[in-house]
Amino acid sequence: MRPILLQGHERSLTQIKYNREGDLLFSCSKDVLINVWFSTNGERLGTYDGHNGTVWTIDVDFESRFLISGSADNTMKLWNVQTGKCLFTWEFPTAVKRVAFSENGDQVVCVTEQRMGHQGAIRIFDIDRSSDGTNQSTEAVNVFHPIGSKATVVTFAHKPSLILTGHESGKIALFSAETGEEVETNQKAHMETITDLQLSPDRSYFITSSKDKTARLHETATLRVLKTYATETPLNSAAIAPLRPYVLLGGGQEAMNVTTTSARQGKFETRFWHKIFEEEVGRVRGHFGPINTLAVHPSGKSYASGGEDGFVRVHHFDDSYFKTRPYGEFEPDP
Amino acid sequence: MATETAVKTSWADDVEDELFPSKPQETVDENGVRTIVEYYKNDDGKTVTKKIKRVLQKVVVNHTVAERKQWAKFGAEKGNKAGPDRATTTIGEAVSLKLSAGNKTNEQAEDTPEQQLKLSMQKSKIVCRICQGDHFTAKCPYKDSLGGLTGADTPAEVDVPSAGEAAAPTSIGGKYVPPSMRAGAGRGAGESMFRGGGNRDDLPTLRVTNVSEDTSDNDLRDLFSRFGRVARVYIGRDRDTGVGKGYAFVSFEDKAVAERAMQKVHGMGYDNLILNCQWSQPREARAP
Numbered sequence: 001m002r003p004i005l006l007q008g009h010e011r012s013l014t015q016i017k018y019n020r021e022g023d024l025l026f027s028c029s030k031d032v033l034i035n036v037w038f039s040t041n042g043e044r045l046g047t048y049d050g051h052n053g054t055v056w057t058i059d060v061d062f063e064s065r066f067l068i069s070g071s072a073d074n075t076m077k078l079w080n081v082q083t084g085k086c087l088f089t090w091e092f093p094t095a096v097k098r099v100a101f102s103e104n105g106d107q108v109v110c111v112t113e114q115r116m117g118h119q120g121a122i123r124i125f126d127i128d129r130s131s132d133g134t135n136q137s138t139e140a141v142n143v144f145h146p147i148g149s150k151a152t153v154v155t156f157a158h159k160p161s162l163i164l165t166g167h168e169s170g171k172i173a174l175f176s177a178e179t180g181e182e183v184e185t186n187q188k189a190h191m192e193t194i195t196d197l198q199l200s201p202d203r204s205y206f207i208t209s210s211k212d213k214t215a216r217l218h219e220t221a222t223l224r225v226l227k228t229y230a231t232e233t234p235l236n237s238a239a240i241a242p243l244r245p246y247v248l249l250g251g252g253q254e255a256m257n258v259t260t261t262s263a264r265q266g267k268f269e270t271r272f273w274h275k276i277f278e279e280e281v282g283r284v285r286g287h288f289g290p291i292n293t294l295a296v297h298p299s300g301k302s303y304a305s306g307g308e309d310g311f312v313r314v315h316h317f318d319d320s321y322f323k324t325r326p327y328g329e330f331e332p333d334p
Numbered sequence: 001m002a003t004e005t006a007v008k009t010s011w012a013d014d015v016e017d018e019l020f021p022s023k024p025q026e027t028v029d030e031n032g033v034r035t036i037v038e039y040y041k042n043d044d045g046k047t048v049t050k051k052i053k054r055v056l057q058k059v060v061v062n063h064t065v066a067e068r069k070q071w072a073k074f075g076a077e078k079g080n081k082a083g084p085d086r087a088t089t090t091i092g093e094a095v096s097l098k099l100s101a102g103n104k105t106n107e108q109a110e111d112t113p114e115q116q117l118k119l120s121m122q123k124s125k126i127v128c129r130i131c132q133g134d135h136f137t138a139k140c141p142y143k144d145s146l147g148g149l150t151g152a153d154t155p156a157e158v159d160v161p162s163a164g165e166a167a168a169p170t171s172i173g174g175k176y177v178p179p180s181m182r183a184g185a186g187r188g189a190g191e192s193m194f195r196g197g198g199n200r201d202d203l204p205t206l207r208v209t210n211v212s213e214d215t216s217d218n219d220l221r222d223l224f225s226r227f228g229r230v231a232r233v234y235i236g237r238d239r240d241t242g243v244g245k246g247y248a249f250v251s252f253e254d255k256a257v258a259e260r261a262m263q264k265v266h267g268m269g270y271d272n273l274i275l276n277c278q279w280s281q282p283r284e285a286r287a288p
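Residue numbers (full-length UniProt numbering), protein chains in the order written: chain E, 1 to 334; chain P, 1 to 288.
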């Protein structure tokens, strides 16, 4: 397959996200820019300008009407996807590391950093979807400070009343959105910080990637560990592929170790693991730096990866990807 | 009288340069693939052929997706025309995703050093000195039967058997062996000082070959002890893995016992292999 290279960022990518239909791909980076692209041909649709610091995270609602972004300039911004206009800005004492829309777009949850006397916090806001969206409340519906290790990733779980979090200690927890209490927790889900958390299409299970070189599949309702994928490099991102039973893992050495190893260019790889059999089945190389973020098209027919090198590579799978049965007769029926 | 020097001209210069059409040609395949071929001269004056294939793809999508395709560009893209901008969007080199079960052999399968060695061996012509097969002399399967090429003693003549470490007879007829390294060179003096009386060089020793890999010391000891007392068993092993190399030296206390053992064991089946048993060669040189 021939990947499409999207060169819209000058610094490393922090997150990429497909919208619900998959025709738009959003990317954000340390270079304060947010870009949106048409995923079929890589054509850039526009940019969202306004942040003054690294944009750590973005999310798009189910209608592709609103975009939410969190940045190191201590703000969270709501944007109109179509026009690129910033509709509302929330300000916080510390940087926003992760944002997520709820399934129906009525709420957003964000994680703010722990720094200089301010505790790490998880905040939930209502989003007023009527009219043009500029009328938002600055007050959070709920703010809670998880005790212990700070949260690194967050998303709404299988029910809108539950928040799913991943922590620096490797802990995973389910919080009630109303009360802020921990409903369920798995302290030993990972040994080190959790770098990414992505839900399955139906939200009944999710994948987490961690610096402890493993990625794990968990059941959302119970936080039971379903599968473990052990690699030899710290992982920055993991995604579940629809349609075919694979998961994608991406990581790589820390940027500072890169020059000490072989000078082969483009050697950073996205790894494909079989979701059920927990074995690596393939790799796609091409990035010139560690892969920071992965996203799979909702149809399962293409995927994109964003790297430390500032490139987003969009890959449309060949026929062979859909036809190959690496495990022969043991494969689950399509 | 002025001599005229003929000016040499090359016939090629006379030939018309512009043999190709300078207008781009378009053709349409039966599959609807449009091919546009253009020829032009680049800066170096060289002709360049440019072929562009365009395939029109029709995709049926959700109506919201179709609507979004019509959106005006904004932000840094404001005012730009439809279609990808080459500054931001390029096609990368082809990469392949080969899906296969098992593991990390999806990157270039790194041959183990053995495999690499084997490959390089297969290319160079290796001839065994004993049977002229394409293996090393040391690995010759006919070492025992045809191996009596040593210029020095044959196994039967050796009265002072010694437990040599090397399985391969080191001096094959024709190669110079320094006196200090020849059989019976009197180096026993050094040995006996180290060991006092009765060192292993004095013991009647049999060389057993075609021993299976997982035969152990004790197995051989048990096998040979029915003939008499076994003083020593040495199994040749790979230095790194400890896997048996297929040969062993069994030293007895009594020569007659060794003789009898040899008669009985030679050709005997043991662990699915037929053992060879003979007197061990006189001790050759150790590596200097």
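Keep in mind that the hints were calculated from the coordinates and are not lab data.
Predicted model only: the values in this text are computed from it and were never measured.
Hints should not be assumed to be uniformly reliable.
Said to hold, decoys possible - So the derived list for chain P, only partly shown, Cβ under 10 angstroms to chain E, looks like this: (1) P24; (2) E26; (3) N42; (4) G45; (5) I52; (6) V60; (7) W71; (8) G75; (9) N80; (10) T90; (11) K98; (12) Y176; (13) P178; (14) M181; (15) T209.
Just so you know, even glycine gets a beta-carbon here, dropped at the ideal spot from N, CA and C.
Evaluation of the provided hints:
For the restraint placing P24(P) at the interface with chain E, the shortest Cβ-Cβ distance is roughly 23 angstroms, beyond the 10 angstroms limit, so the hint is violated. Interface hint at E26(P): violated, since its Cβ lies 22 angstroms from the closest Cβ of chain E, which is beyond the 10 angstroms cut-off. The criterion of a C-beta within 10 angstroms of any C-beta in chain E is not met by N42(P), whose closest approach is roughly 24 angstroms, and the hint is violated. The restraint placing G45(P) at the interface with chain E is violated, with a minimum CB-CB distance near 32 angstroms, outside the 10 angstroms limit.
For I52(P), the suggested interface contact is broken, since its CB lies about 15 angstroms from the closest CB of chain E, more than 10 angstroms. A least Cβ separation of about 13 angstroms between V60(P) and chain E goes past the 10 angstroms threshold, and the interface hint is therefore violated. Taking 10 angstroms as the C-beta contact cut-off toward chain E, the hint placing W71(P) at the interface holds, the least distance being around 6 angstroms. Hint status for G75(P) relative to chain E: holds, with the closest Cβ pair at about 3 angstroms, below 10 angstroms.
Annotation: N80(P) was flagged as interfacial toward chain E, and the flag holds, the nearest CB pair being 8 angstroms apart, inside 10 angstroms. Residue-level restraint check for T90(P) holds (minimum Cβ-Cβ distance to chain E is 5 angstroms; threshold 10 angstroms). Checking K98(P) against chain E by beta carbon gives a least distance of about 6 angstroms; that is within 10 angstroms, so the hint holds. Hint status for Y176(P): violated, given a least beta-carbon distance of 47 angstroms to chain E, over 10 angstroms.
About 47 angstroms separates the beta-carbon of P178(P) from the nearest beta-carbon of chain E, more than 10 angstroms, and the hint is not met. Given hint, M181(P) at the interface with chain E, is violated; its Cβ is 47 angstroms from that chain's nearest Cβ, farther than 10 angstroms. Taking 10 angstroms as the C-beta cut-off, the interface hint given for T209(P) is violated, the closest approach to chain E being about 42 angstroms.
Violation of the numbered hints given earlier is confined to hints 1, 2, 3, 4, 5, 6, 12, 13, 14 and 15; the remaining hints are satisfied by the structure.
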